[in-house]
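Let chain A serve as the given structure and place chain B on it in line with the hints.
Protein chains: 2
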Amino acid sequence: MIALKDKKQRTAEWFHFLQSEICKEFMAIEEEGSQQTSDMNPGVFNEKNWKRAGGGGGKMRLMNGRIFEKVGVNTSIVHGKLSQEFRSSVPGAKKDGKFWAAGISVVAHPLSPFIPAAHMNTRFIITSKSWFGGGGDLTPIRPARRQAKKFHSDLKKVCDNYQQDSYTKFKKWCDDYFFLKHRNEPRGTGGIFFDSLDSGDWTADFEFIQNVGNTFKNSYSQIVKATRDTIWNKADLEFQEIQRGRYVEFNLLYDRGTLFGLKTGGNIDAILMSLPPRVRWP
Amino acid sequence: MIALKDKKQRTAEWFHFLQSEICKEFMAIEEEGSQQTSDMNPGVFNEKNWKRAGGGGGKMRLMNGRIFEKVGVNTSIVHGKLSQEFRSSVPGAKKDGKFWAAGISVVAHPLSPFIPAAHMNTRFIITSKSWFGGGGDLTPIRPARRQAKKFHSDLKKVCDNYQQDSYTKFKKWCDDYFFLKHRNEPRGTGGIFFDSLDSGDWTADFEFIQNVGNTFKNSYSQIVKATRDTIWNKADLEFQEIQRGRYVEFNLLYDRGTLFGLKTGGNIDAILMSLPPRVRWP
Chain A
91 MIALKDKKQR TAEWFHFLQS EICKEFMAIE EEGSQQTSDM NPGVFNEKNW
141 KRAGGGGGKM RLMNGRIFEK VGVNTSIVHG KLSQEFRSSV PGAKKDGKFW
191 AAGISVVAHP LSPFIPAAHM NTRFIITSKS WFGGGGDLTP IRPARRQAKK
241 FHSDLKKVCD NYQQDSYTKF KKWCDDYFFL KHRNEPRGTG GIFFDSLDSG
291 DWTADFEFIQ NVGNTFKNSY SQIVKATRDT IWNKADLEFQ EIQRGRYVEF
341 NLLYDRGTLF GLKTGGNIDA ILMSLPPRVR WP
Chain B
91 MIALKDKKQR TAEWFHFLQS EICKEFMAIE EEGSQQTSDM NPGVFNEKNW
141 KRAGGGGGKM RLMNGRIFEK VGVNTSIVHG KLSQEFRSSV PGAKKDGKFW
191 AAGISVVAHP LSPFIPAAHM NTRFIITSKS WFGGGGDLTP IRPARRQAKK
241 FHSDLKKVCD NYQQDSYTKF KKWCDDYFFL KHRNEPRGTG GIFFDSLDSG
291 DWTADFEFIQ NVGNTFKNSY SQIVKATRDT IWNKADLEFQ EIQRGRYVEF
341 NLLYDRGTLF GLKTGGNIDA ILMSLPPRVR WP
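These protein sequence lines are chains A and B, in that order. Each residue of the first sequence is one higher than the one before, starting from 91 at the first, in the numbering used here. Each residue of the second sequence is one higher than the one before, starting from 91 at the first, in the numbering used here.
It should be emphasised that the hints constitute simulated quantities derived from the structure, not laboratory data. Do not rely on the hints blindly, as some may be mistaken.
Stated by the list, open to error - These stretches of chain B come out as covered by chain A in the derived footprint (C-beta under 8 Å, 3 or more residues):
id, segment
1, 339-347
2, 362-372
As the list claims (entries may be wrong) - Below, computed lysine-lysine pairings styled on DSBU-like, alpha-carbon distance capped at 30 Å:
id, chain 1, residue 1, chain 2, residue 2
3, B, Lys-149, A, Lys-271
4, A, Lys-141, B, Lys-271
5, B, Lys-188, A, Lys-188
6, B, Lys-271, A, Lys-149
7, A, Lys-261, B, Lys-353
8, A, Lys-271, B, Lys-188
9, B, Lys-171, A, Lys-271
10, A, Lys-184, B, Lys-271
11, A, Lys-271, B, Lys-271
12, A, Lys-271, B, Lys-184
13, B, Lys-138, A, Lys-324
14, A, Lys-114, A, Lys-247
15, B, Lys-353, A, Lys-271
16, A, Lys-138, B, Lys-271
17, A, Lys-353, B, Lys-271
18, B, Lys-353, A, Lys-259
19, A, Lys-271, B, Lys-97
20, B, Lys-185, A, Lys-271
21, B, Lys-259, B, Lys-240
22, A, Lys-353, B, Lys-259
23, B, Lys-138, B, Lys-149
24, A, Lys-247, A, Lys-188
25, B, Lys-324, A, Lys-324
26, B, Lys-114, B, Lys-138
27, B, Lys-188, A, Lys-138
28, B, Lys-271, A, Lys-171
29, A, Lys-353, B, Lys-97
30, B, Lys-353, A, Lys-262
31, B, Lys-262, A, Lys-353
32, A, Lys-185, B, Lys-271
33, B, Lys-141, A, Lys-271
34, B, Lys-97, B, Lys-261
35, B, Lys-219, B, Lys-98
36, B, Lys-261, A, Lys-353
The C-beta atom is built at its ideal place from N, Cα and C for all residues, glycine as well.
Okay, chain A solo, but in the shape it has when bound:
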């Protein structure tokens, strides 16, 4: 039996470690640049830490670069009491609303319309219950069938290693979640999504969370490298700006994390870090 105190410490340390790893990896990719961006300067992550009024805080890392037009890699470790309004919607919070939560969030909007945008989030939450949640998914602008296939296949390995049939379940969960009902269209080409993960074997669950993070980092970096040298033109950029509008619509209309964060007085900059840089509704 692992003490809650240890679970908190280990997950918090992991999220910070992964944040640092991902930032290093992405900055190395920035350094290398690409054919079409060789005359631009490589980006570096800008660091900004914030404290939460109710308890805890976060570390924001934002880069505006030549490969990653905008990429945020944020961690937060927060705790406190949920307001009455939210207690019924959070498992195990009904009694006193006490919670502790740690997580990492990554959203990458590449400059090139041929590099898919990507999102990854994993979190550990404690109320009177405790569980992991998260997922990772790809949003190509221009079709990227091979890259989507690779991403899915990499994530499938992680899932297969964790629980039989979990990939099928988590993939469907992702498809259902990242869907724009008002347009009747998916946000991207999917990935995995899961919540309330508590198999009874905390160590196995935590290992799965670590593997999701590492695999996202590796798989997405490979996808970026495989697509970065495709040459784009003005029409590609315009199409990209319009497609990114869908991303904004999803995040502001449906994304539970975004809406929950904004309503519970979360850090605006950290929450809206997910919104793409250039967008167009013509």
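Relative to chain A, chain B alone:
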């Protein structure tokens, strides 16, 4: 006592007339152009009509021009039955959900950051009750104190002509409504906003609605003409794109008409016509 049938016909005709008047006025302004846009072509309104699956439809008028980077002037006359989910939130719809609604919606996003963006909407709704709703408000990008003052003063005259103290009430309603809670900031410099308008004198209410429409058209056109020749630069445009992000956040997070429309299967293009053309979240 005016028959409902006549009220429907007269409001529908008015909204179509006003739509045509506003489009003509805005196209005349496009023709004139401005100092900085003299080498661009004037825009013309693009017409698109749509039918609603549940009954009725709308007339969309969209222009992408050199003064109005994007302006939509839409009317819709729709009827049908509200789904169970929405019956309790719409006055007089509890029993059978039957409704009839007509309205006009105008959203203007000028190219110049020195011309304020503007919004106007008026509507007439019938369930087992019937009422008018609507309003008009200004969203300057660069400070436009004199223009905001003029806009308010023009609308105050319309309100004073209708009901004592209505301006104070409708102005406050507007300030309360067009407010971004998550940023603790107003969307713009306000105007008026009202709903459930049914004074008992339908003719007076309808006349007020007509005056709001005409005054918006005249006041805003004068504001556009007074601000169009101010020269802007790249920094102004970038600031504009960021400020427009607030507009998107408001409409997708809070605007009742937008959320109601998207959830009840309204016309996506007509509803999201309000979103600005170029936007930036850096």
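| query | Does Lys-114/B pair with Lys-138/B here, judged by a C-alpha cut-off of 30 Å? | reply | 16 Å, holds
| field | Proposed proximity, Lys-97/B with Lys-353/A (alpha carbon, max 30 Å) | value | 41 Å, violated
| task | With a cut-off of 30 Å on the C-alpha distance, tell me whether Lys-271/A and Lys-271/B pass. | result | 25 Å, holds
| message | Next pair to validate is Lys-247/A with Lys-188/A; report whether the Cα-Cα distance is within 30 Å. | response | Given pair Lys-247/A, Lys-188/A is violated - Cα atoms ~36 Å apart, limit 30 Å.
| Taken at face value, is the distance from the CA of Lys-271/A to the CA of Lys-149/B at most 30 Å? | Given that 30 Å is the threshold and the Cα spacing comes to 24 Å, the pair holds.
| Has the segment 362-372 of chain B got at least three residues whose CB is nearer than 8 Å to a CB belonging to chain A? | holds (count 9)
| Agreement of Lys-188/B and Lys-138/A with the hint, judged by alpha carbon distance not exceeding 30 Å | The hint is violated at about 53 Å.
| CA of Lys-141/B to CA of Lys-271/A, is that 30 Å or under? | Holds, at about 20 Å.
| said: Lys-138/B and Lys-149/B were given as a pair; does the straight-line alpha-carbon distance stay at or below 30 Å? | reply: The hint holds at about 6 Å.
| message | Does Lys-271/A sit within 30 Å of Lys-185/B, going by the straight-line distance between their CA atoms? | response | Holds - the C-alpha atoms of Lys-271/A and Lys-185/B are around 28 Å apart, at most 30 Å.
| Restraint status (C-alpha distance of Lys-353/B to Lys-262/A at most 30 Å) | 23 Å, holds
| field | 30 Å limit on alpha-carbon distance, applied to hinted pair Lys-259/B and Lys-240/B | value | 18 Å, holds
When held up to the earlier numbered hints, the structure conflicts with 5, 19, 24, 27, 29 and fits the remainder.
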